[in-house]
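Position chains R and G relative to chain S; hints supplied.
Protein chains in written order, with the numbering used here: chain S, 3 to 301; chain R, 26 to 413; chain G, 3 to 322.
Rather than coming from a laboratory, the hints here were simulated on the basis of the structure. All of these numbers come straight from a predicted model, not from anything done at the bench. Treat the hints with caution; some may be incorrect.
List of simulated lysine to any residue pairs, SDA-like, C-alpha gap at most 25 Å [as the list claims (entries may be wrong)]: (1) S:K297 with S:E77; (2) G:K203 with S:R265; (3) S:K217 with R:M242; (4) S:K217 with S:P202; (5) S:K264 with G:M13; (6) G:K92 with R:Q208; (7) S:K217 with R:S241; (8) S:K128 with G:K268; (9) S:K300 with G:T223; (10) S:K291 with G:K278; (11) G:K222 with S:H163; (12) S:K264 with G:Q15; (13) G:K278 with S:R265; (14) G:K222 with S:T240; (15) G:K268 with S:I131.
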Amino acid sequence: MYEIRFHGRGGQGAVMAAQTIAEAAVYEGLEAIAFPFFGAERRGAPIMAFARIDDKKISLRTQVYQPDMVVVMEESLIEIEPVADGLKPGGCAVVNSKLSPNQIDLGVKARCATVDATSIALEMLKAPIVNTAILGAMARADDFVSIKAVKEAIASRFGEHLGEEAGRINAQAAQMAYEKVSIGESLAQRPITKRKMWLPTWQEMPPGVALYHEKRGEIEVGPGSSWQTRTGTWRTKTPRYLRDKCVRCARCWFICPDAAIKREADDHIDINYDYCKGCGMCASICPAKAIEMTKGAKL
Amino acid sequence: MKVKVLSGDHAVAYAVKMCNVDVIPNYPITPQTLIIEKLSDFVFDGECDATFMPADSEHSAMSMAIGAAATGVRTFTATASQGLALMHEMLYVAPQTRLPIVMANVNRSLGAGSGIWAEYNDSMPERESGWMQCYVEDAQEAFDTIVQAYRLCEDQRVMLPLMMCLDAFVLSHTVEKVLLPEQAEVDAFLPRFRPLNFLDTQNPKFINIAVTPAHSMEMRYQLDHLMRETSSVVDEVDALFGKHFGRSYGGSIQPYRMEDAEHALITLGTATSTARVAVDELRKEGKKVGLIKLKYIRPFPHEQLRKALRGVSSLGVFDRSIAVNGFGPVFTEVRNSCYGMGMPITNHIAGIGGRDLTVATFKGMFEKIMRKEGAGRDCFWHGLRGDM
Amino acid sequence: MVEKAMTIKTMPQEDQLGSGHGACGGCGLSTAVNNVLRILGPDTVVYAPASCLLVFSAAYPISAFKVPFIYSAFENTGAVISGISAGLRKQGKQTYVVGIAGDGGTFDIGLQALAGAAERNDDVLYVCVDNEAYMNTGTQRSGSTPFGAWTTTTPVGSKTQGKRSFKKDMMCVVAGQDVAYAATLSIAHPNDFVKKVEKAKAMRGFRFLHIMTPCTSGWKTDPAVTYDLARLAVETGMWALYEIENGETTVTYRPEEMLPVENYLKLQGRFRHMSKEDIDTLQRWLCKRWDQRYHTDMVSKEEPKGDKELAMCGEETEGL
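Excised from the complex, chain S in its bound form:
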C-alpha cells in the first residue's frame, strides 16, 4: 500500500491532484482511492487531500496518518502546517519550491524532491495552478506510478472538465516538471508542531453547544476568539502602504474583508499583516494609489 497526503490551499486543486494520481494508478492496473479532508475550508485556507494506492482492492477508508509521500503544493505551508507529520521512514516529500531539496526544512531528514511548479504553471498554463506540474514531479520523486500514466490521467481528468486542449497543455506541464525535478534530502531543523486544539471530555464540555469567551485548555474559545488564526499566512501578495500618498479617506479600512486595517487617530492606516490575506481590495478602492500590491507573502 502506498499512501499520499497532499497539503495545499483551498482553490489550488489539491483534491483534483489526489484524484488524478489515483486515476493514473488505475491506468497502471492498480487499485486506488482519493478523497479530500472533509471540511469546509475556503479559498486560500490550508487544506489536505489524500490518495491510497495498492495492488489489491483497498479496504481502508480512514484518513492517511503515516504517508509514504507528502506533497506540499506551496512552500509557505511548511511554516504553518506540520506537513511531515507521520511521514514513514524512507518516505519522501515533494515540494513546490525554487529552492533545492537540501534547503527545505521539513523538520525531518527525508528524501525530498523540489520543483518550481509555480513558474512552470505560469509558463505553460498562464495561471499559477500548480497541481498538474506537481503530479509530474511526484512521478519522478518515487516510482509508484509512471509519468506516462500520470499524463494520461491528466489528459482524461482535466480534459473532461476543461476541454481537450487544456488537458493536453496540463499534461505537458507535468512532463516539464518531471524533467526539472531536483532530488535530495530535506533539513530537520524546525520542530513539527501540531495546531493547538481544545479537545474536552464530555464532562468538561459546557452544555449546549454554547461558550463564553474564555480560556479553555491552551486556547481561547467563544465569541471573538478567531484572532488566534493568523490568516496572514495565506498571503501570496502583500499590500504596501505609501503613507505620503494617503488622503486619509478610510475607504481601505471600510473595504478590508478581514478587518486587517486599523485607523490611526488622524486616519492614516496601519495594516495588520497577521491577518491580511493579500486580496488587494484596499489597493483597488484607494483613490490616491496609496496602497500597492507586491508579490510574495512579505514586503
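For chains R and G alone, coordinates are given in the frame of chain S:
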C-alpha cells in the same frame, strides 16, 4: 381553586396562561386549534401577558420558539401531526442547545391513508430528537402536566424541552371536569426561570455554531447521558406537585392493580383509562391482571419499569402506531428495556388512525397475554378486518 | 436642524466580526457584514443560517463574532430573529436583532419565513448578503443567479449554457409588505452603505438591507477585483442603489450613464462562455429595468450628494 368543564385543548391553554409564559409562537392545525384559539382569547382580552406570535408555518413556529427561548424567556407552542413533521428539523436544535421549550402535540395520524384522528406515528419518531416526551390521559392530567413541565424543563439539572402528547378528539375535544388551582399556588410551585444558555450582549455567548467531528461526539453523549439522568427528576417533580396540589401521577409510570399481577399490559394516553375498566372487569373474574401507564417515553423509565414488572409472568405492550416492518415503537422500547427479565413480551397494535378503542379491545389483549400466546409471532393487531 | 448623516469617517470603528475568520481572500460578504456590525455596535445579537458566513466565522469552539451569535438551520432566518426580538423585547431589552442570510437563504428556501416576519412587521433587521448562488455548497444556482451565469447546476453544456432565467427581484417581494424600511447597498458605495445601515438602525419594525457581495470563488474572479465588480454592477445596471420608505422609492445613487454590461461580465469567469446573443438578451433586460428604475419620478428631488461628504481635505473621492 375553581372547577371548570374544559376540553383537553382548553385545559392546556389554561395551564399555559397560569404558567406565565412569555412568548407563544404558533401555527394552527386540527386538532390543536382549540389550544391556540383559547390562548388568543386570553392574550387579546389582556388576561395573559404573553407575546402571541402567529407564524407562517410550524417550522417557523419552532424556529421562533428557539429564538425566543435563546433569549431566556419562557416559551410555549403547540402542534399536531403534519405540523410536528414540518418542525422535525428544528426539534433537534432545542435539546442540543438546552432550551427548555414546552410544546403540546395533539396526536394525529401522519401520512397518506390517514385523517385527523389519533395515532402516535407523528410523535413516536421524535423520540430520537432529545425532547422529553410524555402522554396524558385526561384533561386534568393535561393541565397538571403542563405545569409540571415548566418546573421539570427549567430545573437546572435538566434544561431540556418537553413535548406533551394528547390524543386527538378523545382528549383534545372531550370536555370534562378540571380543577384549576389559584394563580398563587401555581406561582409558588414554579420558580422564576433561570436560563442556562441565553443571548446577552452584556456577557456574549454563542449558541450553536458549526461543529466538526472533533467535538460532536462528546456533545451527543452529553445529551444522551443527561436524558438518562433526568428520569429521576421526572418522578421528583411529580411528587413535589403532589405535595403542592394534592394530585400526582406516579411520575414516569403509573401502575394500576400491579401488586400481585401476573399478567400485565403497558398502555399510554387515553387508552389507559378504558384499559383500566378492562382490568377491573377481569379482576372481578379473578384474573390476576394489572396495568402500567407509561407516561414518559423520554426519558425512558428503565429502572422504574423493571421494578414494577417484578413478578409478572407475561407482558403485553399496547401501541397506537407501527414502525412499518418493525413493531410498535413502545414495544421495541419496552422489550429492549426488559431484556433478560425472562417473561414473554407481546405487542398489541390497536386504535390505528383513530379507530375506537373499547373495553373489549383491551380484554382481547389480556386474553392473548394470559395465554402467553405469540411465541415466535409476537405482534397482534386488534380490531383488524381479515386474518393476520 | 437635520443631523449630518454618518459616513465612513464618522462611523464606529470597533469590529464585531473580528480578524482571523476563514473567508476567502477578497470576500465581499465579509466586508458587508463587518461594516453592518460596526454600525450596529456591541448591543447586537446576530443570527446566521447555514451559509458561508456561518462556516467561515463560527466553527466550534472558535467564533469571529464578538457579539452574541446563534445559528439553527437554513430556511428560518426571518422566524428565528422574530423569536429573538420577541424574547428580548419581553424583557424590556432594546438590543438590535439582526439576521444575516445569503441569497439562497433569502430568495429561495428562506422566503416564507422572511415574508412572515415582514408581514408581522417584527422589530428586526434582516440583511441579505447576495452573492448570486449557493456559494457555501459550491456554487449551485439560486433565484438570485443572473441570466447566463455559469453555476455547477447551470453548467456550460453542449446543449444549454448557463442559467436561462433572470434574477428574482427580491426588493419587490419584500417591499410589497409595507415594511418599515428596505434598501439596496453596495460595498463600492461606502457612504451610501453607512447611511442606510444607520437609518435602518434607528428605525423600529421590519427592516431589510439587500447588499450585493461579489464572490471571488463562485464568480471566478481575481480577489482584487471584488471592489471593481461591486462598482461596475451599479454602473451597468446589474445592481441599483435605492431605498423604500413608507412605500416611497428613492434612488440614492444614479449612474451618469449606463455602461455596457459586457464591461462587468468580462471580468468574471462565470460569464466567460456567454454568446453574443445571450449578452444581448441580458443587456435588453437590463435596459428595460434601467428605464424603470431611473424613471424621473423615482429619483429623489434632492439629487444624491451624500457621498460628497466623504471628501477629505476638500478632495472628492467617491466614484474614482
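A quick look at each hint next to the structure:
The suggested pairing of S:K297 with S:E77 holds, with an alpha-carbon distance near 15 Å, which does not exceed 25 Å. Between G:K203 and S:R265 the CA atoms are separated by roughly 24 Å; this keeps the pair inside 25 Å, and the hint holds. With a C-alpha separation of about 22 Å, the suggested pairing of S:K217 with R:M242 holds against the 25 Å cut-off. Between S:K217 and S:P202 the alpha-carbon distance is near 12 Å, which keeps this suggested pair within the 25 Å criterion.
In summary, the hint linking S:K264 to G:M13 is supported, as the alpha carbons are separated by about 14 Å, within the 25 Å threshold. Restraint check for G:K92 and R:Q208: satisfied, since their Cα atoms lie roughly 21 Å apart, inside the 25 Å limit. Pair hint S:K217 plus R:S241 holds up; C-alpha atoms about 20 Å apart against a cutoff of 25 Å. As the CA atoms of S:K128 and G:K268 are separated by approximately 18 Å, the hinted pair is consistent with the 25 Å bound.
Between S:K300 and G:T223, the direct Cα distance comes to roughly 23 Å. Compliance with the 25 Å bound is thereby established for this hinted pair. A distance of roughly 35 Å separates the Cα atoms of S:K291 and G:K278; the hinted pair therefore is violated under the 25 Å criterion. Simply put, G:K222 and S:H163 have alpha-carbon atoms about 15 Å apart, close enough for the 25 Å limit, and the pair holds. Annotation: proposed proximity of S:K264 to G:Q15 holds, straight-line Cα distance about 9 Å (limit 25 Å).
As the CA atoms of G:K278 and S:R265 are separated by approximately 46 Å, the hinted pair breaks the 25 Å bound. Distance hint between G:K222 and S:T240 is fulfilled; the C-alpha atoms sit about 21 Å from each other, no more than 25 Å. Among the hinted pairs, G:K268 with S:I131 is consistent with the structure: their alpha-carbon atoms are about 21 Å apart, no more than 25 Å.
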